[in-house]
Amino acid sequence: MTPVELSLLVFVVGCAVAAAALRDVLGSIIAFGAFSLGVAVIWVFLRAPDVGLTEAAVGAGVMTVLFLLTIAKTVRPTDDALFESVDPYALATAVALVAVLATTTGALPPVGAADQPVTGGEVTTYYLDNAYEDTEVKNAVTAVLAAYRGFDTMGEAVVVYAAGVGLLTVFGREVFG
Amino acid sequence: MSDQDADAEVDVGADAETGDATGGIQFGPGQDDTGDTGPDLEAADADGRPGPTDAPGGRAPYVESPIIMTTVRVVVPFVFTFGLFVMFHGANSPGGGFQGGVIVGTVVLLLGVAFGIATTRDWIGPRIPVAVVGLGVLTFVGIGAGSVLLGGGFLEYAVYGVKDATKYGIELVELAIGAVVAGVVTGLFFAVSAGGRPGGEPE
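Protein chains in written order, with my numbering: chain A, 1 to 177; chain B, 178 to 380.
FYI, nobody ran anything at the bench for these hints, they're computed from the structure. Bear in mind that the values here come from a model prediction, so they are computed numbers and not experimental data. You may find that some hints are simply not true.
[Stated by the list, open to error] The list that follows gives simulated cross-link-like pairs (lysine to any residue, SDA-like), each with its CA atoms no further than 20 Å apart:
hint: 1; chain 1: B; residue 1: K344; chain 2: A; residue 2: A140
hint: 2; chain 1: A; residue 1: K73; chain 2: B; residue 2: T296
hint: 3; chain 1: B; residue 1: K344; chain 2: B; residue 2: L327
hint: 4; chain 1: B; residue 1: K344; chain 2: A; residue 2: Y126
Next up, chain B with everything else stripped away, as it sits in the complex (with noise of 0.2 Å):
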């Protein structure tokens, strides 16, 4: 980091561009797709904001580590399990849909990590995210009203009839949640990420 503090102060002054090469942490900052760095740079320095990550004499933003990729493979099943097992069996045990979604995310949080945040942006795609976010409060709110027009209260699940049914809508409620949190907090990631730029066009 020290060397680059010594060119970041000659940098900031002379050129707004390269200014953010001295971020200080190493992964995929504003890793935009590689089409667009030419409008990038005029908006960014019409927005006053660093530009895009790959500085004249940077060093990269992601810097592909064989030690960081493993563990990331070794530990990501078993963190999207305990996620999923956190979110199921919140209902018996501590946890549940807002933990247990947290958890699913910081998966892809590991992975955007590991193998570079652009990289698995493209591999998940932007509209899954919102999907998920979206599929989660309409599950949540159309169990909730279902039961109302059903005759019963908000979330009587009594009323559905089925065998256990306020057993399973919990069940169903506590995924419901965990779809909306881990759609956001990944959803989070990759905007951050991104940056503001609208889908990489300058306004």
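So here's chain A without its partners, still in its complex pose (with noise of 0.2 Å):
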């Protein structure tokens, strides 16, 4: 691990407990948005730049202006402490389901591993194959989820229309705003 990714995931946890801990909403929020875009970073450092262009765009952008909005729409809490008091329950209950997911993390391959089945296995080597010939695009993510697997992208994009109209359904409007 080079020295830059050390320091960033660093950073990340740093911001992820920052984000947890603070007791300050505004404070926990700007947090989030240093997590979010930290975590954007290693995304490109993992080759996955769709993945980071996202990240940085909803969790460093948009989630941060839409909490900004949530706060000034509630009211601070009275008492002046810097931190969140830790609740012992809540954090033995995330703390034991991190353990018990962390158990699985043995089985993954290492990142980058050569002979991992995602880098060699028959779909992938068949997209990678063909995907210029099937689709004529040259980006094999976007060949992937508009063609080979288009029926599960119109899930997705049923999904955000979905969240939408679920919230002019809780919000008891027709249109937004």
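Two chains, two separate frames, one set of hints: put the complex together.
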């Protein structure tokens, strides 16, 4: 692991802890935005620029503004404590959940390993070999997204649509705003 | 923020309407149309929610900053163009409809932060995002179902018989996705800023 990656990971974990622990909600939101930006850079390091672009735009950009709007419509906690008080049971539950999930990480191939199934598998090979002739687009991610797996993507688009409709239903409106 | 806190501790107990003066940020919290402040105050009290923005003695919810306005004025055309680029060019480089749609939606957020959310919402109109979202979904479903009707598989672009049908079909689908995402991001922004009171009328 290079020093850049290491410092990035430290930065992201630090931001995550700050976002969880800070008492001041505004500070917590800023920390969350910084966390998202750090994760976006990590995605780029992991050769996933598509995901990084999404993370930067949604996590660091849109979510921050929506959170700021939300705290503008709610009241500040009255006391001046710097950090949130920690509920030991909730913390223990969260740590236990992470521990259980972490047991699966041993089964994952190392990041960037050449022999992992996703790089050499039959489906991947087929997509990489045939994507350009089949779909005439150079970005294999787009080829999978909009051609090979287009039905899944329609589901995703409809999920976004359903989220908008759900929001309108909750707010009891027919138009946004 | 500090002098506001002192006010809040008094006001929250005494009068729920003024509690939100201490939201902590300065732009457009719940900036409703001006005509309906009276009903809104009552509605807010009934719901136990913080009322509309302009608390007596509180600061204005939206601060007109020439720095932010000028910056946004300069940056917005480029952000918008970049969003469209990401959408159109997603076929050949990282990006696509989801990412480009969010970036285009961000343009509206920038305008809202700089010029006031209510102003931006009035300028765009509340119906446009809904129409854009619906149009996007219909386009995607239409392209997919159309190829089935023509005897192919779902999204089998080649059956449309146009030259480079797959290429342009994928671009169109990306644009449709972008429209859905941009519309929902914009709508989320407007809806959250307007709050939950339907159309500003008390229930």
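The hints, checked one at a time:
Among the hinted pairs, K344/B with A140/A is consistent with the structure: their alpha-carbon atoms are about 13 Å apart, no more than 20 Å. At roughly 18 Å between alpha-carbon atoms, K73/A and T296/B fall within 20 Å of each other, so this suggested pair holds. Note on K344/B and L327/B: the hinted pairing holds, with a Cα-Cα distance of about 18 Å set against a maximum of 20 Å. Proposed proximity of K344/B and Y126/A is supported: the alpha carbons are some 19 Å apart, at most 20 Å.
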